[in-house]
Amino acid sequence: MQDTSPADIQKRLPFLAGLVIFFVVVLFVRLWFLQVVNGAYYYDLAENNQIRPIKIRPPRGVIYDRHGRPIVENVLTFDISLVPEDAPDLEETIRRLGALVRIDARSIRQALADAAPIRMKYEPVKIKEEVGWEDVARVEAHQDSLPGVIVEPEHRRHYPYGGLASHQLGYVGKVTQEQRKKDQTELGLLTGQGGLEKTYDALLRGASGRRMIQINSSGRKVKDLGIEDPKPGTDLYLTIDLNVQLAAEEALGTRAGAVVAMDPNTGEILALVSHPTFDPNLFPRGISPKDWNSLMNHPSHPLYNRAIQSVYPPGSTFKIVTGLAALESGIVKPDDKVTCKGFIRHGKHTFRCWKRAGHGTLSFHRGLVESCDVYFYTIGERVGFEAVANYAKNLGLGTLTGVPLMDEKAGLIPTAEWKLKRTKAPWYVGDTYISSIGQGFLQVSPIQSAQMIGAVANGGFYYTPKLLKSTRNRVTGSVKEFPPEKKARFLFNPKVLEEMRSALIGVTSEPGGTGWGSRTEFATVAGKTGTAQVVEQKDASRKYAGKLDDHAWFVAYAPAEHPQIAVAVIVEHGGHGGAAAAPVAKKVFEEYFRSAGTKTDQ
Amino acid sequence: MQEQKLTSNIPWGMIGLIAVISLIGLLGVYSATYSSRGVSSIFYKQLMWIGIGMVIMFAMLIPNYHTIGRYAYTLYWISVAMLLLVMLIGRTGMGAQRWLALGPIAFQPSELAKLAVALSLARFFSSNPRPGGYRLTDLGWPAAMVALPLVMVLKQPDLGTAMMLLITSSIIVIVAGLRVRSIIIIAIAGITLASSVFLIPPVKNTLWGSLKPYQQKRIKAFIDPASDSLGSGYHANQSRIAVGSGRVTGKGFGQGTQSQLAFLPERHTDFIFAVIAEERGLIGAGFLIMLYLALLLYGIEAAKNAKDRLGALMASGVVSLLAVYFFINIGMAVGVAPVVGVPLPLASYGGTAIITTFLSLGLLLNIHSKRFMLFY
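From first to last, the protein sequence lines stand for chains A and B. Here the first sequence is numbered in this note's numbering, starting from 1 and rising by one per residue. Here the second sequence is numbered in this note's numbering, starting from 1 and rising by one per residue.
Bear in mind the hints are in silico, worked out from the structure with no lab data behind them. Just so it is clear, CB atoms sit at the ideal spot from N, CA and C, and this is done for glycine as well. Please note: incorrect hints may appear among the correct ones.
As the list claims (entries may be wrong) - As a list, the in silico SDA-like pairs of lysine to any residue whose alpha-carbon atoms are at most 25 angstroms apart:
1) B:Lys307 to A:Pro53
2) A:Lys11 to B:Ile167
3) B:Lys220 to A:Arg211
4) A:Lys11 to B:Ser182
5) B:Lys304 to A:Asp224
6) B:Lys220 to A:Ala7
7) A:Lys11 to B:Arg135
8) A:Lys11 to B:Pro131
9) B:Lys304 to A:Pro53
10) A:Lys11 to B:Thr206
11) B:Lys220 to A:Val479
12) A:Lys11 to B:Thr137
13) A:Lys11 to B:Val173
Claimed, not checked - Stretch by stretch, here's where chain A covers chain B in the computed footprint (C-beta under 8 angstroms, at least three residues):
14) 300-311
15) 331-339
Make a model of the complete structure from these sequences and hints.
Structure follows, in structure tokens:
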């Protein structure tokens, strides 16, 4: 490195020193100007005229059904809130406010104390929510003597149909402390706490805007400085059809159970019902402990979404699976005859048919139409339950469907391996028998059953059950469609499928068929009844009289020739599937075909 | 000649100044981040960074500054590579992509780049002396050296760093020695360019349009803060109110209403000076400015006593860099510089800035302490 004397550089250092001194002088003069010459002015600004951002909450996205009918809305309400920092004499303000809006001072102090650990300075604390016009007017009129008190407009969530579809819609509640820590949501903001309100919360929520106001030393607004508009939440268009949903809710009535109706060609859910239901309107304003306890402790668990969270033995609806597995294996031919004497013996054990007198000799078609247990014991044994179990899994039973709702249950398709691990006992022929007719360890959810019958209807396509059809940004108006998501293609042997479909039509139309209750003049229905045996459980709810009745199942699609809708119904403790569940499906079909004629998809 | 003991030449006065400024800054961070939940973890992090910084500063005394000078280009390329990495995988914070995540630590390569450019210019000019001053044609390499990171930080976009790179480099070039004719040519070219930017509408519109909306707003707000007291002018306005309301004696430690009530954004980072000025008044803020002045003059003294071009140029480079930091940051707080996001050396919260500052100061100490040595 060649180096010469630094002398010439050092000659220029005074320039650098001069620059530094110039910087210091400029800053000093400016500081003097701000702090000495105008110090009093800025001091007043800081002390008395403070700028305060007031949050403007965004309206949450509206939820519509597939035809654009609103099913979740917002209602503008007013809350009276207090910003304690803005009240020079807080006690006096509390006393006056309490007298004015008829709230005792103690509960105001309590509200302030409750909010203290989680609020930031100048965040308003809600004192009285959803006040009437009189209270708003009173507070506005006495604004001068109520420093720190503000009226906050809020978009309150409203579910106009009450308990309708409440399990899929979910509900909103005040943001919890944990959520606040996690994603810095604002105090008092409503967030989805269940159902689609939670799944799509990020879309629905929107973003707050703010209004800047200048306030004076007594907390009064002296000037509006400007406004930054809130971003409203995105609107959702669901796949459900309000009419079909209403019909299904009504058909199920007061009985506990679930209905899932879907378009087998897209996976779009047309109706999803779980009863008993709850009113989501209880939640947005903060549910009372009494209401919460009665929901939580109710013996029939109204918060439970039975359509996706409850799993039941599929009963005779599973004969569809056993039948398909047996026929596809080639081991059982459709014309193979089985004679039912009302029971079958294996070793010391006797396995009965539901018809004690026996069905006589029958082949596959009549076996399914009359739902003969002995027929399915026999073919189940011949093909082996392992083959049936594999088939069931391929049909999506015992696995999560991926419906966009929380806490879906998978259910169970038992295997010998599973049983050994679980009960330390080997798989007996008896296990094959009872599993072949859908009893025993088998557990499926209503939505899985709907998907299974949907696959039979559409020829083996699997779609992820879809609840969201499209979204619409309320500001830009841009619409985003969500196309069907094809999950899998299940290849049926066409001959076997034809045999099955013809038998399913027989169930609802032939003499001796178990599904007559679903017949309707609107379309040919193909379906299968089921009755899931209820093993008495030793829990506290034993006192319920209906407890011992079996669960009634019905799975079906229509029109049989070119299916448009697939339905799964379960009525808990409803008794026989043909009598209790099939008529529910009938109502759903009728409403669907009736309104399909008048309404067009958007 | 016998080497003197290392410690005997260490400028303890300068170290004392550094310690006092760090302490004032740390107290400012404490006050700015203190909340009803108690002392913020930011305070402890800042304490930790200052501790690490001090160690690095003393470590910088060990090597010969010629060794450091030899690595100037290496440091330059490392920081260019990191800037490139930021463009590719960087983390976005506050609208600009400036951060590089290194495990749990977020690193801001633009801070390092500023120091690297200053040192590389020092290295270049010391090994390419031109008695009689540099001509414009001699400035090709240095210009390229500055332009590369400049373009990269503009892409982020980081207007503050770009501005600092330009100003600091200009000062270094002038100190390194530019012919008077060249200075005049640059000045004329600069004025012509600037006026054409402002006076010829198509040029103005293209340039103006290439800025991000928030940058446009900030520039407008700098020219006329009252025009937008809520949006972009908010920072500048609130900061001015904070500083002004401190008056002569200040509101007292922890008593600044502007700072404590969170009217002032970025108060523990870019606006730490406003917090100090509000709470300590003209007396405290003026004292702090004087401390910075003394520190910078110490640095210039190191350059003045350096025994070779490299030492003199590195010291002047570091001093120019720190001086520009100091001026733009405080200028931002008091409203004589646009709000561009430049930290106050030793005081603003931020690991990368603190470490880079101590690194620079260590270098100054090194040059200062070696001034009597003739052989290396």
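Broken hints, by number = 1, 5, 6, 9, 10, 11
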